[in-house]
Amino acid sequence: MIAPPQPELITVNIDGRPIAVPKGTNVIEAAKLAGVDVPHYCYHPKLSIVGNCRMCLVEMGMPAVDPATKTPVMDPATGKQKINWMPRPTIGCATNASPGLHIRTTSPMVKECREGVMEFLLINHPLDCPICDQAGECKLQEQATGYGRGYSRFIEDKNVKPKRTQLGSRVTLDDERCILCSRCIRFCKEVAKDDVLGFTDRGSHSTLTCYPGKKLENNYSLNTVDICPVGALTSTDFRFKMRVWFLKQTDSIDAESSVGANTVVWSREGVIYRITPRQNDAVNDTWMADSGRILYQAVRSPERLAEPTVDGVASTPDMAVNAAGKLLVAGATAVVGSGRSSVEEQFLTKRLADAVGASAHLVGRVGEGDRLLISADRNPNVRGALVVGLIKELPPARLDGLAAAIDAGQVKTVVSVGEDLAAAGLTAAQLAKVSVIFLGTHRNATSAAARVVLPGLTVFEKNGSFVNQQFRIQRFAAAVPGPAGATDDFQLLAKLTAAAGGAAPAADLRSLWSLMAAAVPALVTLRHHTIPDTGLLLDGTPWAGLAFAERETLHYQPAK
Amino acid sequence: MPEQRRLIFQHIDEPGYSNDLACYLRSGGYETLKKAVARKPEELIDEVKKSGLRGRGGAGFPCGVKWTLLDRKSGKPIYLVVNADESEPGTFKDRYIIHQDPHQMIEGIMITCFANNVKQAYIYIRGEFPEGARILERAIAEARAANLVGPGILGTAYGCEIYVHRGAGAYICGEETGLIESLEGKRPYPRIKPPYFPAVLGLYQCPTIVNNVETLCHVKHIVAMGGEAYAKIGTPNNTGTRILCVSGHVQRPGYYEFEVGKVTLGQLLHEVCGGPRPGRKFKAVIPGGSSAKVLKFGERYKGKRKVGVEMVDYDWGLEDVPMDFDSLALIGSMGGSGGVIVMDDSVNMVEALANINAFYAHESCGQCTPCREGSLWMKKITGRMVHGDARPEDGALLKSVADQIAGRTICAFGEACAWPTQSFVQKFGDEFKGYAAAKKAAAPDAIELV
Chain A
0 MIAPPQPELI
10 TVNIDGRPIA
20 VPKGTNVIEA
30 AKLAGVDVPH
40 YCYHPKLSIV
50 GNCRMCLVEM
60 GMPAVDPATK
70 TPVMDPATGK
80 QKINWMPRPT
90 IGCATNASPG
100 LHIRTTSPMV
110 KECREGVMEF
120 LLINHPLDCP
130 ICDQAGECKL
140 QEQATGYGRG
150 YSRFIEDKNV
160 KPKRTQLGSR
170 VTLDDERCIL
180 CSRCIRFCKE
190 VAKDDVLGFT
200 DRGSHSTLTC
210 YPGKKLENNY
220 SLNTVDICPV
230 GALTSTDFRF
240 KMRVWFLKQT
250 DSIDAESSVG
260 ANTVVWSREG
270 VIYRITPRQN
280 DAVNDTWMAD
290 SGRILYQAVR
300 SPERLAEPTV
310 DGVASTPDMA
320 VNAAGKLLVA
330 GATAVVGSGR
340 SSVEEQFLTK
350 RLADAVGASA
360 HLVGRVGEGD
370 RLLISADRNP
380 NVRGALVVGL
390 IKELPPARLD
400 GLAAAIDAGQ
410 VKTVVSVGED
420 LAAAGLTAAQ
430 LAKVSVIFLG
440 THRNATSAAA
450 RVVLPGLTVF
460 EKNGSFVNQQ
470 FRIQRFAAAV
480 PGPAGATDDF
490 QLLAKLTAAA
500 GGAAPAADLR
510 SLWSLMAAAV
520 PALVTLRHHT
530 IPDTGLLLDG
540 TPWAGLAFAE
550 RETLHYQPAK
Chain B
0 MPEQRRLIFQ
10 HIDEPGYSND
20 LACYLRSGGY
30 ETLKKAVARK
40 PEELIDEVKK
50 SGLRGRGGAG
60 FPCGVKWTLL
70 DRKSGKPIYL
80 VVNADESEPG
90 TFKDRYIIHQ
100 DPHQMIEGIM
110 ITCFANNVKQ
120 AYIYIRGEFP
130 EGARILERAI
140 AEARAANLVG
150 PGILGTAYGC
160 EIYVHRGAGA
170 YICGEETGLI
180 ESLEGKRPYP
190 RIKPPYFPAV
200 LGLYQCPTIV
210 NNVETLCHVK
220 HIVAMGGEAY
230 AKIGTPNNTG
240 TRILCVSGHV
250 QRPGYYEFEV
260 GKVTLGQLLH
270 EVCGGPRPGR
280 KFKAVIPGGS
290 SAKVLKFGER
300 YKGKRKVGVE
310 MVDYDWGLED
320 VPMDFDSLAL
330 IGSMGGSGGV
340 IVMDDSVNMV
350 EALANINAFY
360 AHESCGQCTP
370 CREGSLWMKK
380 ITGRMVHGDA
390 RPEDGALLKS
400 VADQIAGRTI
410 CAFGEACAWP
420 TQSFVQKFGD
430 EFKGYAAAKK
440 AAAPDAIELV
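Heads up: the sequence lines are chains A and B, in that order. With numbering that gives the first Met the number 0 as the guide, the letters of the first sequence map in order to residues 0 to 559. With numbering that gives the first Met the number 0 as the guide, the letters of the second sequence map in order to residues 0 to 449.
By construction, these hints were calculated from the structure, which means they are not laboratory data. We put the CB at the ideal spot given by N, CA and C, even for glycine. There's no promise every hint is true.
[Claimed, not checked] Output of the computed footprint for chain A on chain B, the stretches with three or more beta carbons under 8 Å from beta carbons of chain A:
#	segment
1	363-374
2	377-391
3	407-417
[What the hints assert, rightly or not] Once the Cα atoms are required to be at most 30 Å apart in a straight line, the calculated BS3-like pairs of lysine-lysine come out as:
#	chain 1	residue 1	chain 2	residue 2
4	B	Lys75	A	Lys22
5	A	Lys81	B	Lys185
6	A	Lys157	B	Lys185
7	A	Lys247	A	Lys45
8	B	Lys118	B	Lys72
Using the sequences provided together with the hints, build the complete structure.
What follows is the structure in structure tokens.
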């Protein structure tokens, strides 16, 4: 591994404390490194700097130097170098740390500046917190509490603006709450590359709107809701559904493509209400696609498989596993694994295939990448299958090899781990020729044709890990319990292996990882609980020769 | 009575003088440009530096220094932007130059461009001057046809194009970085400085000079007479002449050009402008456009000021104050854009401030919080006061709101909207306190609106 270049460190002084920060860090970030909070609204670390909210005003000074002799001017009172403080406050977001820079964030002037800005932001703000979705995660609330005066001197009429403008199908604007920070405008222009938002009118009557004839419809529109510091931009889906402080947050991974955007799943009492991005500066920064946010809707779909069946008759998990075991023992088996399964499940899929002497297949899903956070490979975990050795080559989109083997009568039983074999190219006639064992979450043509159906869990209901396009292994955790009747996929795979006469692999994550680490060279030092929150890069060089489908996306460059 | 010295306004209102090229040439026009292009550009910059010319747009920044700050090593083109967005209430000088003597400005532009190796100049003219824009377009076409503007002027290899760009009616476009944004086709949100100093990252992120119309006319005269000769006009550090636009309650309002500092406010108002209207007394004056701090008749100013290298005591009544940049700054206001707004004792200061506040609330671009919210709040307070619901504490509240704006905004609009309120309340506090009572006393039988 090549060590990243070390940034040049310089020393600045924040509230009397010297601290070394990388050169070029702005005052807000430098203060953060010193453990000092500089409140702000318009500044966002991943967007350009506009300096319009004026909340981050601080006092700035530089060590005094005699212009004639270029020697430091000492302060006789302290015996230290004198600091020339600027008479006017300066914004922290647009001030970069330079050697010797002195910053005060607690002086009376700074306190007064913050009180002033807070008061100004609130005078025309509706203060409808009791019905506002942002309440509980609102910067305006937090900073009004932290830095405001606590009372209002405003007795005039507040400005009136539109309360529910549909900027696009997924984003609703409450214009009275808008503090005109322009984060959303900058996001659309700079990150989503879809310049559709702007202000009309001027002064305090300024109004956020789409350009004439345009809509906020890009697949990243909901990021504007995330970065909106107040309750102005709201998710049409989440609006008025749930108070955020009731929600439990679970770290997860966006399973839409091999990008593996880091996410947070917000749930209460077993029900998911929304999915938002989780910052990972090496993968998705602070963004995710809108399409990944609605994936939770599959959890409570009416098509959900919720009870094991054998030959179409409801069964129990153990009886169904036993029935499957009998089919597997008969031999002539093929196993269709999935690029949507976790690394752990793929490892067990391979174990199962090895135990019954079956050939292993995988279904490829290649679409078009959007150059941002959706890559061409729509399987989240093809590289996991390579790492654990389930496959050696990149998977084809159609199971033509398996089809030929069925036609030739070489395969009698097919185990499908969540894949719809009909969609992957097997005809109804071919499916009828074999006994299908289906592990999956939703009804499809394969589950309908299967002799044994074992309901499994969605990515939101189980623990596991994916290996993304960078060969970064990332964890996801169960946010909500699965439906009664469904069993964790890795336990199903372990039970099937045992039922087929193989050595029963571990049935809990911890012992499974001990087993995997021993068997898989790339994972040798790793355990599930030691994977960092932002993932860990594995060595991908053994597979460097493969023609991966991905093109450039955020933080990813394909090998030449 | 102090004599006017008409340098820039030499031909304004002159009978028989027209704004076409032929008339300008008859009066010796473009002779300075002809001589200038035969000289080295650095010499011309030097003349301007020696002249001590200070910008006539409002801030009074030394013009030669502004040119020196230009990033000439970037390899990017250098632009000249002519600020003809004359929008400061009380100011009406540039419009007369544009309407009656446009070629004087064009000559100044061409000399400035030649001196700074500028190949493209833009005249940003306010939207409310459609006639001015038309005149400029015609004048540029004339000059172009006469080989005074355009490629290879006057037989040299040097060429420069001038384009006229009309604004859409926003005061903030007079702020140089807001103007640049508008010229680029965007909302005129002023830029944050640092890093966007026009001299380094101006129009299209290229080094840019932004100069006022009158300033560029002065450049022509500086090059014509030499920087040292020009520096002898006016007073030290306040060189040259200056056009003062007097409006309001005087007998003879209008525009007057004087050597800077050679006329006092008292001379200007009493002798030049004929004093107050019959039966009236002067009450207050805003000396440099509506954003300048108001001055109250009867005030005295004492202290020490620098004359040359010496510190000299001064003890002035308001009428004794010389109309120059430094003296007006010394007494807590500014020379600004030269717009002198006079108010006599018929004016109620609360109502005057309500008028000014309405203007600034309407013109705040809305980019940064203190100005956006504060300007409208101040308008709402003074509006409420004059509409019959004044409270004694409103003056103090107004001042406090203004204090929360000044010095905390992206551009100088923060000061522009805060200074009137700060100074009105500070100097006429009793009027604000007693406004409700005074109104009631003036019209005891008025119906109270509920």
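Evaluation of the provided hints:
no., hint, verdict
1, 363-374, "holds (count 11)"
2, 377-391, "holds (count 3)"
3, 407-417, "holds (count 3)"
4, B:Lys75 - A:Lys22, "holds (27 Å)"
5, A:Lys81 - B:Lys185, "violated (43 Å)"
6, A:Lys157 - B:Lys185, "holds (29 Å)"
7, A:Lys247 - A:Lys45, "holds (26 Å)"
8, B:Lys118 - B:Lys72, "holds (16 Å)"
Of the numbered hints listed earlier, the single one contradicted by the structure is hint 5.
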